[in-house]
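Taking the hints into account, I'd like the entire structure generated from these sequences.
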Amino acid sequence: MRTKRTVGVYLRYILYGLLAVSLAAYAIYFTQNPNVNDLNRFLINAILGLSIFVTLNTGLLSLANAGFMAIGAYSSAILVAKVGLPLFLSLPLAMLICGIVGLLIGLPVLRLTDVYLAISTLGFGEIVRVIIVTTPDLTGGATGANLSTGFPFERMRQTETWMLVLFLAFLIYLFYWLDRSKTGRALRAIRQNSGAAATMGINVVYYRNLAFVMSAVIAGAAGVFYAHQIGSIDNNDFRFSKAVDILSYGVLGGTTHWFGPILGAGLLTVLPVSLREVFGTSVAFFTQLPVIINGLALLLVVIFLPGGLFQPSRYRHKEMPINEAEIADDVAVSKESPPLVEGEAVGPPADALPLLELHDVTRTFGGITAVDNISFGIPQGIICGLIGPNGSGKTTLLNLITGIYHPNRGRILLSGRDITGLPPHLIAKLGIGRTYQNIRLFNDMTVLENVVVGHHARIKTNLFTTWLRLPQERRQEALARQEALGLLKRLGLLGFASQPASKLSYGDQRRVEIARALALHPALLLLDEPAAGMNDVETALLAEFILTLKRQGYTVVVIEHHIDLIMQVSNEIIVLNFGKKIAQDVPVEVQQNAQVVEAYFGQE
Amino acid sequence: MVDASLLTNPVYLLQNLVDGLARGAVYAVFALGFTLIFGVLDIVNLAHASTFMWCAFAGWVVMSLLNMPLIVGLLASMLFGGLVAVVLEFVAFRPLRQEGAERLSPMISSIGVSIIMVSLAEAAFSAQTKKFPSGVLDPKPLYIGGTDGVRVSWGQLLIVVVSIVLMVALGYLIRRTRTGMAIRAVAYSQRAARLLGINVNRVVVITFFVGGVLAGAAGILIGLLTNNISPSMGSDIELRGLAVVILGGLGNIEGAVVGGLLLGLVETFTIAYFDQGSDYKDAIAFIILFLILLIRPNGLFGRQEANRA
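Going line by line, the protein sequences match chains X and Z. Heads up: the first sequence begins at 0 in numbering that gives the first Met the number 0, then just goes up one per residue. Heads up: the second sequence begins at 0 in numbering that gives the first Met the number 0, then just goes up one per residue.
Read the hints as simulated data drawn from the structure, not as lab findings. Take the hints with a grain of salt, since some may be wrong.
[As the list claims (entries may be wrong)] Derived DSBU-like pairs: lysine-lysine, alpha-carbon spacing no greater than 35 Å straight-line:
| hint | chain 1 | residue 1 | chain 2 | residue 2 |
| --- | --- | --- | --- | --- |
| 1 | X | Lys549 | X | Lys428 |
| 2 | X | Lys81 | X | Lys459 |
| 3 | X | Lys428 | X | Lys579 |
| 4 | X | Lys488 | X | Lys428 |
| 5 | X | Lys241 | Z | Lys139 |
| 6 | Z | Lys129 | X | Lys241 |
| 7 | X | Lys488 | Z | Lys280 |
| 8 | X | Lys81 | Z | Lys280 |
| 9 | X | Lys459 | X | Lys549 |
| 10 | X | Lys579 | X | Lys502 |
| 11 | Z | Lys129 | Z | Lys280 |
| 12 | X | Lys488 | X | Lys502 |
Set out below in structure tokens:
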């Protein structure tokens, strides 16, 4: 592991060195032979790099971008050459077409696992080429769209460097603010842990589609500029090797910051030019050298520099001093959610339905019945301990309640509303927050950001408020930040706010998870072994905190092996064994229960 | 679109059946290596096609430059494929098989290796196509039912025989041997296999070797089918292989065999019965791929839940 990191450091030096040398070589070449073609190519590649960045930064490996580039290029070529539209009108239309196609492809495919996305997008690129080749009347077919096939834009090389600079600057503006918005956080959260993102109320499928469509639209724009720079296009311009080039910009340059792919595009555009100038084109090996370097760099970066060349510490710019006045004690982001009022009891209403009800819930995995016909109700405002030997179905039960699994039989109700079969993000929005037995924080985010992600569903902003910088955007973001800081303060984590979550101790990470779950303002909080990895002092503080939550009107379900903690905080205890409920009673009674004693200690 | 006189011709039908099965057998052998590595390691090895391409060249070197008979070429190519795949495991996959590595990384590193392999082949053999020497097989085909009957070339016969032998051998290896049991255990859970005392790294190396051997065999077989060996031959079959693997269900060995045969037949019949069929032939694999993803994401024979999003 250590050597791996050292190699990574050297690799970064080597790649930056290569970039510097080839830039210098290119500068010399440019002074002798000033033409903007290579510069334009770099700018187009940088746009392509941003298109792959959106998907990679969401954890999606898409190889469709060469296909979308082709669709953009051909759409614009047809619109300009055959319909007679000016370039600046064909650009948004071609982008729109790419967006629609992206949505149609993404909707079925993004529901599946990442492997299917990579395979089907690889196929998509080829289908686009087959369509181009088989429709000669529309696209010029295998001959390509050029003068001979009735596309008189050969001499009209309309793409100017200033257009590309302007468009790239526009994209950078969008990416800069996206990164700092609710949407950007959701995309990053999905990449780091899509399961945890869903239980924070993030609609994973929606945001994956959003990223895929954004990627398609940007690649399409690059295609438009490409077509009008070259002046003739051909289906061979958009082969699988193009998709690999685009992927390389992102993977080499970096997938965590928008500047990465621009850097990657720079390296991979300038390097071949300068190699060509140095070695010429006579020896076969040297003409292949840029591709070999590209492949080698891809391999080495993935192994030794995961995340790519440009990875600014995300935490440095967030290391701002936290103003005491900024910390919210009782501010809610949105009015309709219950505020977090310290100390005040919000007792259960007199005619209370049980908050959570399970009716005959069964879940099997293959031949094993993990949860067997379980029914219970949990009244509002209590703390319910959930115990049982290892493998008795406790965590499965939590996964059923939060929608990660769906029951084979039975119904689950929250405040009388049937939530059986709902996806996790909707269940989270309806008011169930949870923590995980195996901690699932967003490791590359700061502690504060982790908790702000928990506010996702209640932050009322969207891409328009983000990009138009509407006042609502700043207000909502500030509120979420204040409230997140307030939560961190209550859990004694304020000192860690600007540290990466992965750097914290086990016990502290568990408390960050609780803060993140509380950010949902959940009616019901599910804690899965919150004290695991905590020492006695921390466990005692945790018990105190859980009791405070009860006083504030929260309903809490705790899975724990620390029986002392369970006995101390619970109003009621449910005991599972082999997937069946064997007891539900007040703590004292459960301790006396013969079946429970047998489950834990065996028969006498 | 469909030529009516052809539809009623039984010899033409049988002829296409034979051609389709031979083509499909090659696809199946290629896809087997793909699906084996995915099934065991959960990795889509996008360098499988480049391995296949290099094996075809290795066979060409042995048969054309060293004047060896076909059987030697076939065995040399299979051995070469196995060794290349093992090198790939050490270079591109093992370093990523640790905790914390992103799930997509192996696919990206295999793309990196793949483009290196293709450009090395272009540098070594130039982009021009090569052919196996004409003497390796009797060029006179066999006829079933007289010279007006169904024509079966020795190449096609060999393809079918070799693929059946390989499929049976693979089935035997996986189901009946201790090694096969270890491979299945690793496929089920690497952790559990390790806890049971199985040397997981060794099993993975064996799996890659077997996958590479299959790629090597496919490289020679496709050479016999099209006699057209070039650095870009990998990318042509790669997408078909992926379509076959999806059709049969990722990681499903029987599925890959049936999927391969099915794709070979559908492609052949499209060319045979439709005008401009050869233009559309290339699209068939992808249309199948998309339809399967839409309707049955687990493949035709898959049962497991694939929807984990």
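Each hint tested on the structure:
1. Distance hint between X:Lys549 and X:Lys428 is fulfilled; the C-alpha atoms sit about 20 Å from each other, no more than 35 Å.
2. A hinted pair counts as satisfied when its Cα atoms are at most 35 Å apart, and X:Lys81 with X:Lys459 does not qualify at roughly 44 Å.
3. Between X:Lys428 and X:Lys579, the direct Cα distance comes to roughly 29 Å. Compliance with the 35 Å bound is thereby established for this hinted pair.
4. About 24 Å separates the Cα atoms of X:Lys488 and X:Lys428, which keeps this hinted pair within 35 Å; it holds.
5. At roughly 43 Å between alpha-carbon atoms, X:Lys241 and Z:Lys139 are farther apart than 35 Å, so this suggested pair is violated.
6. For the given pair, Z:Lys129 sits about 25 Å from X:Lys241 by alpha-carbon distance, which is consistent with the 35 Å threshold.
7. Restraint check for X:Lys488 and Z:Lys280: not satisfied, since their Cα atoms lie roughly 64 Å apart, outside the 35 Å limit.
8. For the suggested pair X:Lys81 and Z:Lys280, the alpha carbons sit about 29 Å apart, so the restraint of at most 35 Å is met.
9. Between the alpha carbons of X:Lys459 and X:Lys549 the distance comes to roughly 28 Å, so the proposed pair stays at or under 35 Å and holds.
10. Under the criterion of a C-alpha separation no larger than 35 Å, the hint pairing X:Lys579 with X:Lys502 is inconsistent with the structure, at around 39 Å.
11. The suggested pairing of Z:Lys129 with Z:Lys280 holds, with an alpha-carbon distance near 24 Å, which does not exceed 35 Å.
12. With a C-alpha separation of about 18 Å, the suggested pair X:Lys488 and X:Lys502 falls inside the 35 Å cut-off, and the hint holds.
In this structure, the earlier hints numbered 2, 5, 7, 10 are contradicted, and the remaining ones agree with it.
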